[in-house]
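J.: Protein chains in written order, with the working numbering: chain X, 3 to 229; chain C, 12 to 259.
Note that these hints are calculated values from the structure, not bench results. These numbers come from a predicted model, not from an experiment. A couple of the hints might just be wrong.
[As the list claims (entries may be wrong)] Facing chain C, a subset of chain X residues (Cβ under 8 Å, in silico):
#1 Arg164
#2 Gly165
#3 Leu169
#4 Leu173
#5 Leu177
#6 Pro180
#7 Gly187
#8 Glu229
A virtual CB, placed ideally from N, CA and C, is assigned to each residue, including glycine.
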Amino acid sequence: MNRPSVAAAFAGLVHRDLLLAARRKSEPLFALGFFVIVASLFPLGLGPEPELLRRIAPGVLWVAALLAAMLSLGRLFAADYEDGTLEAIAVAPVPLAVAVLAKVAAHWLVTGVPLVLASPVLALQYGLPAEAIAVLAASLLLGTPVLSFVGAIGAALTLGVRGGGVLLALLVLPLYVPPLVFGAGAVDARLAGLPAGANLSLLGACLALAAGLAPVAAAAAVRIALE
Amino acid sequence: MRRLRWFRYASPQTFYPLAGRLVPVFAVLAAVSGAIGLYLGFFVAPTDAQQGEAYRIIFVHVPASWMSMVLSRVMAFWAGVGLVFNTRLSSMMAHALAPTGAMFTFLSLWTGALWGRPTWGTYWVWDARLTSELILFFLYIGYMALAAAIDDPRRGDRASAVLALVGVVNVPIIYFSVQWWNTLHQGASVSLTRAPTMAATMLAGMLVMTFAFWMYSIAVALSRVRAILLEREAHTDWARAVARAEAA
Chain X
3 MNRPSVAAAF AGLVHRDLLL AARRKSEPLF ALGFFVIVAS LFPLGLGPEP
53 ELLRRIAPGV LWVAALLAAM LSLGRLFAAD YEDGTLEAIA VAPVPLAVAV
103 LAKVAAHWLV TGVPLVLASP VLALQYGLPA EAIAVLAASL LLGTPVLSFV
153 GAIGAALTLG VRGGGVLLAL LVLPLYVPPL VFGAGAVDAR LAGLPAGANL
203 SLLGACLALA AGLAPVAAAA AVRIALE
Chain C
12 MRRLRWFRYA SPQTFYPLAG RLVPVFAVLA AVSGAIGLYL GFFVAPTDAQ
62 QGEAYRIIFV HVPASWMSMV LSRVMAFWAG VGLVFNTRLS SMMAHALAPT
112 GAMFTFLSLW TGALWGRPTW GTYWVWDARL TSELILFFLY IGYMALAAAI
162 DDPRRGDRAS AVLALVGVVN VPIIYFSVQW WNTLHQGASV SLTRAPTMAA
212 TMLAGMLVMT FAFWMYSIAV ALSRVRAILL EREAHTDWAR AVARAEAA
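The shape of chain X in the complex, shown without the other chains:
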């Protein structure tokens, strides 16, 4: 039996997860719906003053995106864990970290990218100027993969654990502080007329660090869950 190349295995897993998401149709859009609804609730609760909304928009939109990303994590490994696919992936002759990386990539394409694409529309509702909208979309583009990477560790740790959903939030949300600070900070800086580059660079640094370390940690957590 010849060993599959790592790249082929990666592409195959991404393709499989995307196909599964496409067949399920509505489920991947839950996170997007949550994001839109939460972002629309804040003006209802706080009143429609444009000044106030513009000031809170970066934080509110980022927190809403963060919660939406967190809520979608439950499905990252759970279905494969329940039907045994995850075990098959774990014994495959490919490093498990690569398989985790593929699953995270597919998960981000399905749940993270829609958030990035929807954010300009929501930002318009909050009356953000065009350049701040561009920064918001850029910060989410850099930040949502970090959320998926870090969240993958939490999702793997809580596989098959009682009260997994709430526990997952408890574990993952404190770790989401840096991307939240840098992401919302970038938009804030742009609104204040300052360059957003420093914040975006730090967000990129978070992404580099998370992309390097999180798959390894999540793979270790998956192995522990499968024992």
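Dock chain C against chain X, hints included.
T.: Just chain C now, kept in the frame of chain X:
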């Protein structure tokens, strides 16, 4: 030459009585040094020129903050050792340290709020140190929640060890991100690092209190690890013998 028996006390059966002998030693050390530290803090140290008597909470607050951070590292160290070498006792040690670490984090936040009220006029500011201490508290809670949620003890050990290591990598990142966030929003209107050098007796009081907190942490962690040991090893003969002897 006889080989050093490093791992003799890594076995639960030999560790249990050793810990039992050590607990009173550390407890007495904690009580004595705590009494000395509090005496230095309340009676010997001079009154602060700016803050009056209110500053004296520093003798609890600063050592508690130090312990909260140090214990998170110690906990992650034992969790990591348990994960790598698969030694059960190390993981139990990590579990035993977590509640103490969380307690010191809470104590630090609480005394900080009580100190902040008379000196800054508010119980809470979103200062970088306060915020990162709060997030450290959340990390401790998450660790304990995960360890408690998993029924299989070995899986719980290993899963919470991964979380402890992820947390220890994240704490500095969170600290710097929060510091960055704070400096963006407002200037340093309140600084915790006061410029005037402190009197030698103040420093001595703080160091003695830190020593007391160390001894307390060790005593409490050892007695907690003894309880965890008995619970985990309840199926073994030695644990039953110990339980019978202690019940009698």
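J.: Now tell me if each hint is right for this structure.
T.: Now for the hints, and whether the structure bears them out:
1. Arg164: 5 Å, holds
2. Gly165: 6 Å, holds
3. Leu169: 5 Å, holds
4. Leu173: Because about 4 Å separates Leu173 of chain X from the closest Cβ in chain C, which is inside the 8 Å limit, the hint holds.
5. Leu177: 5 Å, holds
6. Pro180: With a closest approach of 4 Å, the Pro180 of chain X hint holds.
7. Gly187: This interface hint holds because 6 Å falls under the 8 Å limit.
8. Glu229: 6 Å, holds
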